[in-house]
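When you get a sec, could you build the whole thing from the sequences and use the hints?
Letter by letter, the chains look like this.
Protein chains: 2
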Amino acid sequence: MGGDRAPLEAVRGAYAASAEYNASFILVGDRQAIGQIAAADGMDLSHFDIVHAPETVNMNDDPLTVIRTKKNSSMTKSLELLAEGRGDAVVSTGNTGALFTGATLIVRKIKGVRRPAIGGILPTDPPVLLVDSGANTVVTEEYLEQFAVMGSIYMQSLYGLQSPRVGLLNNGVEECKGTELQVATYARLKELPGINFVGNVEADKIPQNACDVLVTDGFTGNILLKSFEGLGRLMLTSMKDLFYSNLRGKLSGLLVSDGTAALKRRFDAREHGGAPLLGISKPVIKAHGSSDAKAVKNAIRQAIAYAQSGTIVNIAKEIKMFAPARPDSPKDTAGQAARDGAEAAEREKETAK
Amino acid sequence: MGGDRAPLEAVRGAYAASAEYNASFILVGDRQAIGQIAAADGMDLSHFDIVHAPETVNMNDDPLTVIRTKKNSSMTKSLELLAEGRGDAVVSTGNTGALFTGATLIVRKIKGVRRPAIGGILPTDPPVLLVDSGANTVVTEEYLEQFAVMGSIYMQSLYGLQSPRVGLLNNGVEECKGTELQVATYARLKELPGINFVGNVEADKIPQNACDVLVTDGFTGNILLKSFEGLGRLMLTSMKDLFYSNLRGKLSGLLVSDGTAALKRRFDAREHGGAPLLGISKPVIKAHGSSDAKAVKNAIRQAIAYAQSGTIVNIAKEIKMFAPARPDSPKDTAGQAARDGAEAAEREKETAK
Numbered sequence: 000m001g002g003d004r005a006p007l008e009a010v011r012g013a014y015a016a017s018a019e020y021n022a023s024f025i026l027v028g029d030r031q032a033i034g035q036i037a038a039a040d041g042m043d044l045s046h047f048d049i050v051h052a053p054e055t056v057n058m059n060d061d062p063l064t065v066i067r068t069k070k071n072s073s074m075t076k077s078l079e080l081l082a083e084g085r086g087d088a089v090v091s092t093g094n095t096g097a098l099f100t101g102a103t104l105i106v107r108k109i110k111g112v113r114r115p116a117i118g119g120i121l122p123t124d125p126p127v128l129l130v131d132s133g134a135n136t137v138v139t140e141e142y143l144e145q146f147a148v149m150g151s152i153y154m155q156s157l158y159g160l161q162s163p164r165v166g167l168l169n170n171g172v173e174e175c176k177g178t179e180l181q182v183a184t185y186a187r188l189k190e191l192p193g194i195n196f197v198g199n200v201e202a203d204k205i206p207q208n209a210c211d212v213l214v215t216d217g218f219t220g221n222i223l224l225k226s227f228e229g230l231g232r233l234m235l236t237s238m239k240d241l242f243y244s245n246l247r248g249k250l251s252g253l254l255v256s257d258g259t260a261a262l263k264r265r266f267d268a269r270e271h272g273g274a275p276l277l278g279i280s281k282p283v284i285k286a287h288g289s290s291d292a293k294a295v296k297n298a299i300r301q302a303i304a305y306a307q308s309g310t311i312v313n314i315a316k317e318i319k320m321f322a323p324a325r326p327d328s329p330k331d332t333a334g335q336a337a338r339d340g341a342e343a344a345e346r347e348k349e350t351a352k
Numbered sequence: 000m001g002g003d004r005a006p007l008e009a010v011r012g013a014y015a016a017s018a019e020y021n022a023s024f025i026l027v028g029d030r031q032a033i034g035q036i037a038a039a040d041g042m043d044l045s046h047f048d049i050v051h052a053p054e055t056v057n058m059n060d061d062p063l064t065v066i067r068t069k070k071n072s073s074m075t076k077s078l079e080l081l082a083e084g085r086g087d088a089v090v091s092t093g094n095t096g097a098l099f100t101g102a103t104l105i106v107r108k109i110k111g112v113r114r115p116a117i118g119g120i121l122p123t124d125p126p127v128l129l130v131d132s133g134a135n136t137v138v139t140e141e142y143l144e145q146f147a148v149m150g151s152i153y154m155q156s157l158y159g160l161q162s163p164r165v166g167l168l169n170n171g172v173e174e175c176k177g178t179e180l181q182v183a184t185y186a187r188l189k190e191l192p193g194i195n196f197v198g199n200v201e202a203d204k205i206p207q208n209a210c211d212v213l214v215t216d217g218f219t220g221n222i223l224l225k226s227f228e229g230l231g232r233l234m235l236t237s238m239k240d241l242f243y244s245n246l247r248g249k250l251s252g253l254l255v256s257d258g259t260a261a262l263k264r265r266f267d268a269r270e271h272g273g274a275p276l277l278g279i280s281k282p283v284i285k286a287h288g289s290s291d292a293k294a295v296k297n298a299i300r301q302a303i304a305y306a307q308s309g310t311i312v313n314i315a316k317e318i319k320m321f322a323p324a325r326p327d328s329p330k331d332t333a334g335q336a337a338r339d340g341a342e343a344a345e346r347e348k349e350t351a352k
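Quick note, the sequences are listed as chains D and Z, same order. Quick note on numbering that gives the first Met the number 0: the first sequence kicks off at 0 and runs consecutively. Quick note on numbering that gives the first Met the number 0: the second sequence kicks off at 0 and runs consecutively.
Check each hint, because a few of them may be wrong.
A pair counts as met if it fits within one copy or between any two copies, since identical chains are not told apart.
Heads up, simulated DSS-like pairs for lysine-lysine below, C-alpha to C-alpha not over 27 Å straight-line [stated by the list, open to error]: (1) K110 to K239; (2) K263 to K249; (3) K189 to K263; (4) K189 to K110; (5) K263 to K176; (6) K108 to K176; (7) K249 to K176; (8) K239 to K319; (9) K70 to K176; (10) K249 to K281; (11) K316 to K249; (12) K249 to K239; (13) K293 to K316.
Quick caveat, the hints were computed from the structure, so don't treat them as lab data. All values reported here derive from a predicted model rather than from experimental measurement.
What follows is the structure, encoded as structure tokens:
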């Protein structure tokens, strides 16, 4: 119910997915609204389970409190269904922070994972998994080390890469580059068994097939992912201007329409499914807030693949090598946690135990 | 002497500039190499001063020591000439860290400036000045506040904007977004007199004319600037592939050649001159390491405009409001400084006084 175009496009996307994929579907949302959409579109939803959840988590809701206060939101309900084993994966187009906090509180982390992270896909060729693409604004070298492990396993399982190349996002290639965090992380990743660490990666090298998994904190990751989004959009707009400016432009556009369609697909966020919440003990996929039916369908395809892949079992196995967990770094201060929704919520939960 | 294509393209660029701009020129570099280039190209350099500097600062040289150990490098010599008043501006295509450290040590900061910063231009329309685009990996809210002041004055003087819009690069628009640093900086910028603060700017909004000056730390700034560089290059390559793939593509390309030429100019780093070292007491312009003659000429044009603009006098006036300087934030630790070339070098200098 929470995306920019929900519930209409979510229902349409799920309906399209149900025709194509061998899976069963639970729609979690306002029963009446869903019924109206089905009637208007002529969709027969008799093969869907519908769980009524009339409340909506909005983009402006505080991730820290909304999951507790909006018990009947589609987000809370669907995460509860997942936790109870009544579903195998959740796809949401809603508030990222709330979904991340909710997944951590309700579905819970994989044992041994210090902090879950969002794995966003950068629209390069081949694609790059960016971990963390937005959840944890402040991280330690241990979190980043675990992001590398989780991202690596995800790209092995979902993209069929035998030995994904893991890069550390940095402002230079030399081992000494970056802040203390990058220097300490470099030293750890270099020694990490089972990880194909290719060193520091500068941002201008990302489109040049420099790595398969790119590790960074959620603040820098957010800036990078959004700069790709903004520039991809600018690129498509510029080409549109070029080809729709006048008759010559239109003719020109016709001549290369196959090529421009391929470019459009590549930079279209809707093509890339959604971002997995890595480190959560069951598959939760965050699709873009502006997702249309096609984007929702692609995110569902990805959720099915994720659920069938054994990724989470493999992450749980690998992450055991980090046990017993090292104590938190002193950088991980209370002031920061108060702003990082998921982190604070989790701490709260641990205190309550 | 230190750029990827120096001294050939530097000499050619200066020669082209001397034909177009009303200025006198000092070439600082290996006299013999310069003479050979002039002879081979048939350039008459009799109206140039040539100061012999046979040593070269390389890209791998340590910024901390190279300025002291390579006394006869073109970089050291040219900064000394500037400091002595024998020139009005320096343009360099060399090692950014070394130039930044050298400018701080030899030319010195404007009084009251806590840390100089690099002002990189993002190739948006209209352009955005990114401060800091790479010098200070770790900053305090006070540095960022000063970056806003310096960037604002630069865009007023050089781009004729009456009231440049200053944005803070962040992972969301709300005042509470980001790390402690962004929250504290937001609070300061909001209250800063004479600054047209437009709030937090997300990276995907940068191409949408969100601000004229974008303030951030040098680590994030480096990532952002390089991601624009890498994606701009990807965009131009993609269009080239489109228009050179086959006969249809070539015909298509011909039809929109004006439009593609304009796009190419926009994303071509060579068109944007160079990046000013804001906070240094005299004009120092860093041109891209891969600059060709055209890029060097544009950087020279910008250096002349910078020297004539009164920007530095205006920055000096405005920065007085920060005096007496507040003490350093405790975040500004010694460990970090040891890696931030310029910062450490400067501290050393202050100790030696």
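Quick rundown of the hints versus the structure:
For the identical chains of this complex, K110 and K239 are neighbours neither inside a copy (49 Å) nor across copies (49 Å), given an alpha-carbon limit of 27 Å. Proximity of K263 to K249 under the C-alpha cut-off of 27 Å is found in both arrangements, the shortest distances being 17 Å within a copy and 20 Å between copies. For the homomeric pair K189 and K263, neither the shortest alpha-carbon distance inside one copy (37 Å) nor that between copies (39 Å) is at most 27 Å. When the C-alpha separation of K189 and K110 is checked against a cutoff of 27 Å, the pair qualifies only within one copy, where the shortest distance is 24 Å, while the shortest distance between copies is 43 Å.
With identical chains, the CA atoms of K263 and K176 are never at most 27 Å apart, being 35 Å at best within one copy and 32 Å at best between copies. In this assembly of identical chains, the alpha carbons of K108 and K176 lie at most 27 Å apart only when taken from different copies (24 Å versus 32 Å within one copy). Taking identical chains as interchangeable, the C-alpha atoms of K249 and K176 are never at most 27 Å apart, the minima being 48 Å within one chain and 43 Å between chains. In the homo-oligomer, the alpha carbons of K239 and K319 never lie at most 27 Å apart, since the shortest distance is 50 Å inside one protomer and 48 Å across protomers.
With identical chains, the CA atoms of K70 and K176 are at most 27 Å apart between copies only, with a shortest distance of 26 Å across copies and 46 Å within one. When the C-alpha separation of K249 and K281 is checked against a cutoff of 27 Å, the pair qualifies neither within a copy, at 48 Å, nor between copies, at 50 Å. In this homomeric assembly, K316 and K249 never come within 27 Å of each other (Cα to Cα): the closest approach is 55 Å inside a single copy and 54 Å across copies. With identical chains, the CA atoms of K249 and K239 are at most 27 Å apart both within one copy (9 Å) and between copies (18 Å).
In this homomeric assembly, K293 and K316 never come within 27 Å of each other (Cα to Cα): the closest approach is 34 Å inside a single copy and 56 Å across copies.
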